[in-house]
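Here is what each chain is made of, one letter per residue.
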Amino acid sequence: DVKVTQSSRYLVKRTGEKVFLECVQDMDHENMFWYRQDPGLGLRLIYFSYDVKMKEKGDIPEGYSVSREKKERFSLILESASTNQTSMYLCASSLGAKGEQFFGPGTRLTVL
Amino acid sequence: QKEVEQDPGPLSVPEGAIVSLNCTYSNSAFQYFMWYRQYSRKGPELLMYTYSSGNKEDGRFTAQVDKSSKYISLFIRDSQPSDSATYLCAMHSGGSNYKLTFGKGTLLTVNP
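From first to last, the protein sequence lines are chains X and G. Numbering of the first sequence is given in the working numbering, commencing with residue 220 and proceeding in unit increments. Numbering of the second sequence is given in the working numbering, commencing with residue 103 and proceeding in unit increments.
Bear in mind the hints are in silico, worked out from the structure with no lab data behind them. Predicted model, so just to flag it, every value in this text is computed and none were measured. Note that CB positions come from ideal geometry on N, CA and C, so glycine has one too. Don't take each hint at face value.
Residues from chain G that face chain X, not an exhaustive set, calculated with beta carbons under 8 Å [stated by the list, open to error]:
| hint | residue |
| --- | --- |
| 1 | Pro146 |
| 2 | Gly196 |
| 3 | Gly197 |
| 4 | Ser198 |
The following residues of chain G were derived to be distant from chain X, with all beta-carbon distances above 12 Å [said to hold, decoys possible]:
| hint | residue |
| --- | --- |
| 5 | Ser128 |
| 6 | Gln140 |
| 7 | Leu148 |
| 8 | Gly161 |
| 9 | Arg162 |
| 10 | Lys169 |
| 11 | Ser175 |
| 12 | Leu202 |
| 13 | Pro214 |
Make the full structure from the sequences, and use the hints.
Encoded structure:
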């Protein structure tokens with residue numbers, strides 16, 4: 220079974236702090252994704268990566284950056300957290316062009 | 103017109119009912135169709151994966167795709183309280199397009 224793990228289930232940060240969210244997958248998947256999920260807005264793609272050191276902007280990249288130094292690990296960085304970044308953050312991975320994405324358990328981030 | 107439309111519900115049914123969940127889409131290039139189930143405060147899990155038009159059955163779940171009408175459905179037979187969750191449809195066109203396009207999800211409650 221594919222396993223996608225995220226570094227924290229719940230996180231509370233202060234406005235202006237730098238926040239790192241980490242995601243690790245154990246199935247040698249090429250593609251990795253970061254989403255945020257908010258009530259009424261559904262899943263929105265922040266960034267994705269189809270190879271090590273490669274990254275592509277999703278639909279809402281503003282205020283976020285990413286890093287993929289190793290195939291299994293994809294990090295989401297909030298350079299200066301703001302209250303409107305309070306959300307559920309979900310990481311996913313997929314293999315090739317088949318499209319099936321496998322999700323981690325999510326990190327519920329609260330920015331005060 | 104949004105690319106994928108999904109009735110947000112909420113949908114409340116008695117235990118044992120047949121449930122029908124639906125999505126419509128506008129992009130005729132979509133070829134791969136997925137249904138995800140998401141329990142509260144958890145990540146989405148892949149439930150059904152289908153390619154092109156037709157039906158696919160897995161236990162109590164049946165996925166249907168009608169590409170001519172740009173309409174997909176998920177049927178749940180003999181629904182159980184454990185089926186209470188948000189159901190998300192997702193689709194993509196294949197090839198080098200790694201991104202999924204998601205519906206916003208339908209919240210289902212199955213009452214004992």
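message = Let me make sure I understand: some of the numbered hints might not hold for this structure. Which ones are they, in numerical order?
response = 6, 7 and 12
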